[in-house]
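Visitor: Sequence:
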Amino acid sequence: MHRPRRLPLLLLVLIGLLPAVARAQLPPPRFPSPHARPRAGVGGGVGGGYEFETRYFRQRLDHFSFSGEEEFFQQRYLVGRAGGWAGPGGPIFFYCGNEGDIAWFAANSGLVWEAAPRFAALVVFAEHRYYGESMPFGSKEKAYNSSRSMAYLTAEQALADYTVLLTDLKRNLSSESSPVVLFGGSYGGMLAAWMRLKYPHIAVGALASSAPILQFEDIVPDTIFYDLVSNDFKRESLSCFQTIKDSWKELDEQGNGQDGLLKLSKTFHLCQTLNTTGALSDWLSSAYSYLAMVDYPMPSEFLMPLPANPIKEVCRNIDKQPERSSILERIYAGVNIYYNYTGTVDCFDLDDDPHGMGGWDWQACTEMVMPMSSSEGLSMFPPDEFDYALYADDCVKNFGVRPRPRWISTEFGGHNISSVLEKFGSNIIFFNGLLDPWSGGGVLKNISDSVVAIVAPLGAHHIDLRPATKQDPDWLVSLRESELEIISGWLSDHYRARGGALFQRATNDDSAAS
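Quick note on numbering: the sequence shown equals residues -24 to -1, 1 to 490 in mature numbering (1 follows the signal peptide of the UniProt record, and there is no 0).
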């Protein structure tokens, strides 16, 4: 039940922040997802002002077996109001749902909605199985009951869901010839890229925003995530970076002192007294990592209500404290920007985790194994090396399954990606903002004329997909236009091969309307 005046915490248990034994028993980093529930009387419906119809599709539970005992579940998907669609044969913009409620992603993916009228495209947002309302076996409780019931939560099954849903939708709309453009951000971006590669006949192209498809095995350095988070703080203030770096030792020393946990609880305005310093370390590290992901140049409420350039504001708060302030008092002043920018929270509840061990934790314990370490020199986090054996043992303890750390690169590729995609891939845009720590696992260079990388030095996590605002910098406006010009080329090629009439009509209608 909701308790007003408290801020619930998503325990983004980031590997690399606790002693090795304790850390290996925690799930790996999550991608951004909503983790602040509104207080009573605050908030409202999701949707971002975009109009859509909620529909459900009878989806097959297992696409890859023929047992004779078929099972199905209701997959939710959102369809934009069709008033601006060109009609049968017109383009379809299809968003590959992430690890969360699809309505939340729809509300935060303005580019898809705002670009659709330009191409007279129909907008579809499909929910990922085991998230939101798309629960196999009739409920989340039954779906998450055991490793046997969760066995169908894989990226491969999700991609098959999207493919079957799209095929059926096009048939029902008498629109089998409609070109489909895939969109996705973060994990959804990974799915969009992989879907284009696995099912090239289903879509003419994919925009994969902030998609760390290389964050597996040893394809990229396992220290890259935390190094990039640290760089974001260092670029704003070296003293801020150093204060955070020094704070971990200070936190442990105070926590081990007499009444230390009580003092820490008071310093950080916690609702309950700490039992260990580990929960507080997680709370702080979650803030730093999320701040790096959403270090947007405009105010946002993507995860929390935040000002423009939030890391700058955090470091300003840390640095401007009176000289006599302790390191931990400075740290509290900084993270208060993230957790309480509105100033309406009385205390922070570290035990109130609305997510718990859920779908992404299962995926990370099966196929989404992303090794994470923190380096001693470049990182503001305590040094640590990823220990796969302890990680795997923790997965066995929590879910009764052992991870397959090489399966993703086996199924979708990743090693030698440039030479592979140059020969076998086409029509994929990889966007990455270099302030985003997930960019370290992204594609940052053009691979071919049609597999291209768009990189924004001042961009954060899938900023290109965010709804347009009056505060958008010129580079962001130009970047989005570049993406849409590429997509326009894909659609032009499709219609040109089929006579070109429909796309030309949609383009003319859009020009006339503007």
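Incorrect hints may have been included.
[Said to hold, decoys possible] Pairs of lysine-lysine, PhoX-like flavour, derived with a Cα cap of 25 angstroms:
#1 K221 - K239
#2 K373 - K118
#3 K446 - K288
#4 K225 - K239
#5 K288 - K225
#6 K210 - K221
#7 K296 - K210
#8 K210 - K288
Hints were generated in silico from the structure; no laboratory data involved. Predicted, not measured: the structure shown is a model, and the values here were computed from it.
Visitor: Now look at each hint and say whether the structure bears it out.
Guide: Tested hints:
For the suggested pair K221 and K239, the alpha carbons sit about 20 angstroms apart, so the restraint of at most 25 angstroms is met. Restraint check for K373 and K118: the C-alpha separation of about 20 angstroms stays at or below 25 angstroms, so the hint holds. Restraint check for K446 and K288: satisfied, since their Cα atoms lie roughly 21 angstroms apart, inside the 25 angstroms limit. Restraint check for K225 and K239: the C-alpha separation of about 16 angstroms stays at or below 25 angstroms, so the hint holds.
In summary, the hint linking K288 to K225 is supported, as the alpha carbons are separated by about 24 angstroms, within the 25 angstroms threshold. The suggested pairing of K210 with K221 holds, with an alpha-carbon distance near 11 angstroms, which does not exceed 25 angstroms. Distance check on the hinted pair: K296 and K210 sit about 16 angstroms apart at the alpha-carbon level, within 25 angstroms; holds. With a C-alpha separation of about 10 angstroms, the suggested pairing of K210 with K288 holds against the 25 angstroms cut-off.
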